[in-house]
Every structure is written in structure tokens, then in C-alpha cells.
Amino acid sequence: MLLEAQAVTKAFDSFRAVSDADIAVEEGEIVGLIGPNGAGKSTFFNCLAGDMVPTAGRIAFAGEDVTRASPEAHARIGVGRTFQVPATFEDMSVLDNVMVGAYLRHPHRNDAREHARRIIELTGLKGQMDQWARSLGTPGRKRLEIARVLATSPRLMLLDESLAGLTPTELQEAIALVRTIHEMGVTIVIVEHIMEVIMTLTKRVLVFNQGHVIASGKPEDVVKDEAVIEAYLGRGQHIRRERRQ
Amino acid sequence: MKSLTAAGPAALLLAAGLLSYPVVFSDPYYLDIGVTFLLAAISASAWNVVGGYAGQVSVGHSMFFGIGAYAPLLFYTLFKWPPMVGIPVGIAVSVALAVVIGVPTFRLTGHYFSMATIAVAELIRIFFGTWNLVGAAIGLQGPATARGWWDLTFRSELPYYYIFLAVLALLLYFTFAVERRRFGYYLRAIKAGERASRSLGVPVQQTKIKALIFSAAFTSVAGSLYSIKTGFIDPESGFGILVSVQMVIIAALGGAGTLFGPLVGALILIPLQTATNTWFGGGGSGLTYILYGGIIVVIARFEPGGVFELWDRIVPRRWRRKYAA
Amino acid sequence: MLLLQVIVGGLLLGAIYALFSSGLTLIWGMMNFINFAHGEFVMLGMYVALLVVVWLGGGPAVFGFAAAFALFVLGVAVYLSLIRHVLRGPMIAQILSTFGLALLLRYTAFWIFSANFVSLPQTSLSGTVNISGILMPVPQLVAGLVAIMLTVGLHLLLTKTTVGSKLLAVSEDRNAAMLMGIRPDRMQALAWGLSAGAAGIAGALMATAYPWSPSVGETFGLTAFVVVALGGFGSVPGALYAGLIVGLIQAISAFWLGPIYKDIVVYALFVALLWLRPQGLMGKA
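Protein chains in written order, with this note's numbering: chain W, 100 to 344; chain C, -15 to 309; chain P, 198 to 482.
No wet-lab data here; the hints were simulated from the structure.
Just to be clear, a hint being listed does not mean it is correct.
Each pair of labels, with its calculated beta carbon distance range [claimed, not checked]: (1) P:Leu353 / W:Thr266: 50 to 58 angstroms; (2) W:Thr154 / P:Ile328: 45 to 53 angstroms; (3) P:Arg281 / C:Ile298: 19 to 27 angstroms; (4) C:Leu(-3) / W:Asp164: 56 to 64 angstroms; (5) W:Ala275 / P:Thr358: 35 to 43 angstroms; (6) C:Ala(-5) / P:Gly455: 48 to 56 angstroms; (7) C:Thr114 / W:Asp112: 43 to 51 angstroms; (8) P:Val326 / C:Thr114: 29 to 37 angstroms; (9) C:Thr114 / P:Leu342: 28 to 36 angstroms; (10) P:Thr356 / W:Ala110: 18 to 26 angstroms; (11) C:Ala259 / P:Ile331: 50 to 58 angstroms; (12) P:Arg285 / C:Leu(-3): 34 to 42 angstroms; (13) W:Ala123 / C:Ala161: 41 to 49 angstroms; (14) W:Arg167 / P:Phe266: 48 to 56 angstroms.
Looking from chain C toward chain W, a few residues come up when the C-beta cut is under 8 angstroms (computed) [as the list claims (entries may be wrong)]: (15) Arg165; (16) Arg172; (17) Arg179; (18) Ala180; (19) Arg182.
Just so it is clear, CB atoms sit at the ideal spot from N, CA and C, and this is done for glycine as well.
Only chain W is shown next, with the shape it has when bound in the complex (with noise of 0.2 angstroms):
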């Protein structure tokens, strides 16, 4: 078991945005979690992550107890992500970017500027290399991002709405990329809206609402579960479907 997180509990104040959530991931798999905005995807996300610190629960990776561990820690032992606003470093140049992820496992310059010439080779970024973060679109963002965290030789990819407000065209590139990554060996979580990416990326996915995880299984089953469905539609939702191309 590569992740495990047990009764995990998030409450601010009096409000639990994240309520006894549990999660278990194998290596070299992808999962998937959905569910309606306010569910407390992100902040069990971040939870996952490091970012934030469980009120109540427990998360391990590959055995070890990082429950509390720092952002920084987690990168250390293999866990990286991405945010749902990206977060890329705008006044440094792409390859600055990766370079800065690749250095956790490469402490000398020559050695980070190989390979993250050859993260942005893989993730099609070749072109825009000495371009400012600024100036790429969202989407370019977006894959600077999953880039720049690539680098950083993860075990777990934590991918938080990487794949959003893309074109059609756009988001069958970065289906494939993350495919790509997968192959990799690197094992994926993936937090999305869009079913097309579920359903095509994912063989197991949990649903969030509310805080606590109402469904988990294979995509096809866990979309015709009465509650998610209630959950979607019962808050006046409705479950996203890319248009087929």
C-alpha cells in the first residue's frame, strides 16, 4: 500500500470540511476523486499533501507516518502535486521552473539542467523552454506545473484540476501525458470535474460529498450509485460530460 489515510477529520473552527475520510492507493495505480465544489476534495487534498494538518485521522505513505509532515517532507519522500490555481513561478523562465523542481534529487546545476531539459521534452513544452511563466496561457500553466512537480522524480502525483478549462484538443494531450506519467511509474490521485477523464483515466475512483467519502469503486458503477447521483443533481449539479469528439 503506497497511500493510506484513515478517519482523516479537517474542521475549521466548528465547521469539518473533511469528516472520517479514508483512501488507500496500491503502486502504479490511478484514482480518481469527484465530487460536488465544497465537498472537501482540496482540503483532503491538501491534507494528503502536507499543506494542511488533520484534526483527526491518520495518513501514511509507503508505511511511514507523515500525518504531520511538512510540504517539504512529503516532496522529499516521494509525494508531489499540483494546485487547482497553478501556482508556476511567473518572473523565472520555464526551464527555471522545472529546474527548480529537479534539484531535490539533482543538487548540482548541469546535472538538474539535464533532466529537467528532459521533463519538458516529455511534456511537450520544448518550445516555450526559455519563455517567462507569465506568459504562458492557463493551459501552459497547467503543464508547467505537472512539469515542474515531474521533476521532482514523485512516487504519488497529487493532480488537483490539472486538467481543467482546457480545449478538447488540449485535454486529449494532457490525458495522454498524464497516461505517460502513469507508465512512468508513477503512481496518480487525481482530483477532476471532468468524467471524461475519470472514465477514461481512472479504474477506481471515491466520492466525495460534504466532507465524507459516500462512494468508491470502478467509474461506471460509482456513476449510477443513487447517492452520488443525489449528490450532483440533488444540489442542483449536474455531472459534467466533455463533448465526445
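Here the structure of chain W is known, so what remains is to put chains C and P in place on it, guided by the hints.
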């Protein structure tokens, strides 16, 4: 921010210019301006490491300057030792102070660090003004005449010029080395986004503190050089807010976070300061600081990246590629 | 008996600290921003009071209102022309903006008014009262009490009025506030006006009781930092308690250790807070 390495030819030209300046302008008046310029460039470049590169804006850096300035003259006053003995002591105390301030405040937001730097600098300034050991409000003096070369008390400013130039070169070299290595990338990453940096494994707290230590050490050296050259120090000239202001405005004006920004800022500001002091006469210092305040506000509002960023924006791409490294 | 007098004096001055510090904490709470020129706003309030007395011959109510109004306008102007732009920018721009403003205001005041200490000519509030053995100069007493009332008033404004809840809404969640039809920009400008206005009237109150020069801005600014840090960033009630405590500590230090120590102790308290309890008395860890 633009490419890190400076244009090779421009840097050589600058070096040649700085080396030959005293030969061309040998008049004591111009020599003094040159020495003042170098000292300002050293202080601002030292501030730049933590304030410019790492983005942790200290507005009380005079605390390190003052410690470095008092140490040599204190050793001379108390034990009649050569003032330069105080230089490493000043560095050690400054580094300790950097840790004391950095550890609690770097965990909190940037504003907190800035507030803390002002408060501590003021605290030290007022305290030194009451402490008899360091001369209280009157301050300390250095050797009136040299007992030997080791007193570093020279009649002419020429030896000071080259000593200061050597220190500046050393500081810029170290900063350049840092820029190219992991530490430098981590500094810039912290400035560009702390949360993202953490998620990539950047040891944010440690890196900030190291930057502050590096900055404090060199600022302390600048202070030591100042008091050795002037032969005098008091709480105002060591720990005063205007000492802090000058470092900040010079670095910010030229381009905080760039290698040569502080140098450029000093090139602009020191002659300007000398001129306004002459024009405005006795009441000049008041007007000079009104001007400083205004410049700082304008920089903050319109061009936080200083002259270097301005250059980036106005100079067309074709030209820039010609001059880029 | 003398000690009691010192204590009361300290609390009265502390009340004024509380008033202007509540302005600083309001801005912090709303925008995560520290106004390094806040002390200068207080100092300007004092000079506005002086000018009104000298030119118009008004009494405390007149110059008090004038100081509040003038600084309110200044606060809004500063927000619209400067702060609004740097909020979206890098940290260096944010810090330098008000730091530079502080220098600008301070040295302009030095240039116009010179470095001499001045005080207001005698107003209708003069003399000393004797309250069970404690001699209190009337100006100090009135200034302190009015300051407490105004600080409480500010708190009530924030918590009990519609405008107040709009201000708080913006500080809680800017985007949500926008969705509810509140214009964050306007609210933030208003907050700056209130903050500066509080500083201005605190200055006017202080002018009735204590002499000053342009140099006091620097000290008041730092005092405000300490009060805000002690009371908890963003908490007006916190600023009230902390202001009183700081005034008290200052007075007792001056009494026991000597007048030179009054500022040293306060700044040392700040440094201690950084290490021990950065979230302040009323803040959350």
C-alpha cells in the same frame, strides 16, 4: 527578471572603469564620492541577497551595519587593539542576531519580518544611546593617527577605495556563484511563490535564514569598513533608519534581485545625493529624504523591478539579444 | 499613590494607542497589509489640530473633527492612488509603498514645521482634577476617555452596522463578497479612510495633552505594531486591551527604570512576542 549573468563585455568595462576611477579622478573630493559609492554599493548588494533575491524585505538592516561599525572601534577603545580585529566579531554577532530574528519571523508572513526588522533596529539604536560602554549618545572613535598599517588609518582615501573595491568584488562574486547554484534558484523560487516552493521540496525556512545570515555578514563588514574609514560611530550613523533606507532604495532603484542592480542604483543615487546636499545646503538633508521617500513610492507603484526591469521593458528585443549573455 | 497616578496616566495614553492601533489592525485584518506610514497619519492629525487652532481658533470638537476628516480623505486617497495597485504586486512593492510614504510624510513635515516640539495653546479643557487623591490633567483624562469611546465605537461600527458587515465580508472572503454585490474596492477604500481617520483623531486627542514634533510618527508607528501584534492581527477589541497594556507597561517602565527605557521596553516586548506568541493575546495559533 532578466537573464542572470551580466553581459560579459559590459561587466569588464565596469570593472575597468572602477579600477581606474581614482587614477582619472584623483582629487580628494571625487575620491571621497567614489569611496562613498563603493560603500553604498556593498551595503545595498548585501541587502539584495535577502531583500532582492529572496524577497524578504528588511527595512532595519542598519542593525547589522551598526554592529559591524561599533565592533572595531569598541575593541580599539577598550583594549587599544587594531580596529580590524572587530571585523570578524561584528560578523559573528550580526549572524547571531540574524538567527534570532529570522527563526521566529520567517515562519510568518513577509510583513511580520519587515516589522520585526524595524523594531529591532530601533530597539538597538535607542539602547546603544543609553549604554555607556559603547559611548552612549556620543559614540566611539578610532585611532587618530596610525600606529602601523594594521590600524587601517590612512590620510588619503586611496587605500580605502581599493580595499572597498576588493570587498565589493568579493561580495558580487559570491552572489554570482550563489545565483548559479541550487541555493540561488531556491531563493528566487521562494520569492516567486513560497507555497509552491514547499511542495517541490525547497527547505523554505532554512533557505531564508541562510540568506539572511549571508546578507547580515556582509552588511556587518560594510559597517566595519565605514567606521574604520570614518574613525567615528554613534547610534544614529550606525543604527539610524536612514542607513536602512539608503540600502533599500539603492537596491530597489537599480533592480532588487539582480546582480548589478544595487551597483546601478548606487551609481545613480550617490552622485544625486551629493548634488542635492550641495544644492539644498544645510537644510539639505531634510529635502534629500523627502526625495528618497518620493523615489521609493514611485518605484513601488510603477516599477518595483527598478532600472533593470525598466530597461527590459523599453529596450526592443533585438537590441537586448545583442547584449545578453 | 504616585504609582497609582503613573498607572492611570499610562492607561489613558494607552487608550489613545488603542484608538490609532485599531485602525492599523483593521487594515491588516482586511487585506493582510501593514501600513508603515500609520504613525505618520497620527502625527499629521496632530498638526491638523494645530493648524485649525492657529488659523481658525477652533475648540477641541472642531479640530478633532477636522483631523478625522482630513486624514479620512488622505487615507482614501492613499488607497486609491497607491495601495490598490501594490496589493496585487510583489512583496517588495507592498512594503516599500508605505515605507516610502512614511519617509515622504515625515520629512515633509520636518521641512514645513521644523524639528521643534510644539504643543497646542490652552483650550477650554485645562486644569487638573483630583479623583480620590489622584491628580489628573484634564486634557489627558478627556483624551483618554474619548479615545476609549471611539475605539469601542469603531468596534460597534464593524460588528453592528450594515457597512461594518460589508467591510468584514470583504476581509473574510473577497470573492464571495463580490458575488453578494459588495464592491471590495470601495470597502477597502473605506477601510483606509476609517483607519487613517482613527489615526487622525487619535493624533488630535493626543495634541491636547502632549507636546510633539514630526519625529513622533516613527515612534507611534512602532507602538502601533506592538499593540497590533499583542492584541492579535485584525482584532479591534484586541487592540483596545493591548493598547491599554502597552500604555501601562510604558508608564511603569519609565517610572521604575527611567524615561529613556519607556520605548526600549515596548520594543523588547515586541521581540519577545515574536518568539513566544506571534498571534498575540487574542489571536489564534
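Do the hints match the structure? See the list:
no. : hint                                     : result
1   : P:Leu353 / W:Thr266: 50 to 58 angstroms  : holds, 53 angstroms
2   : W:Thr154 / P:Ile328: 45 to 53 angstroms  : holds, 51 angstroms
3   : P:Arg281 / C:Ile298: 19 to 27 angstroms  : holds, 25 angstroms
4   : C:Leu(-3) / W:Asp164: 56 to 64 angstroms : holds, 59 angstroms
5   : W:Ala275 / P:Thr358: 35 to 43 angstroms  : violated, 56 angstroms
6   : C:Ala(-5) / P:Gly455: 48 to 56 angstroms : holds, 54 angstroms
7   : C:Thr114 / W:Asp112: 43 to 51 angstroms  : holds, 46 angstroms
8   : P:Val326 / C:Thr114: 29 to 37 angstroms  : holds, 35 angstroms
9   : C:Thr114 / P:Leu342: 28 to 36 angstroms  : holds, 34 angstroms
10  : P:Thr356 / W:Ala110: 18 to 26 angstroms  : holds, 24 angstroms
11  : C:Ala259 / P:Ile331: 50 to 58 angstroms  : holds, 57 angstroms
12  : P:Arg285 / C:Leu(-3): 34 to 42 angstroms : holds, 38 angstroms
13  : W:Ala123 / C:Ala161: 41 to 49 angstroms  : holds, 47 angstroms
14  : W:Arg167 / P:Phe266: 48 to 56 angstroms  : holds, 52 angstroms
15  : Arg165                                   : holds, 6 angstroms
16  : Arg172                                   : holds, 6 angstroms
17  : Arg179                                   : holds, 6 angstroms
18  : Ala180                                   : holds, 4 angstroms
19  : Arg182                                   : holds, 4 angstroms
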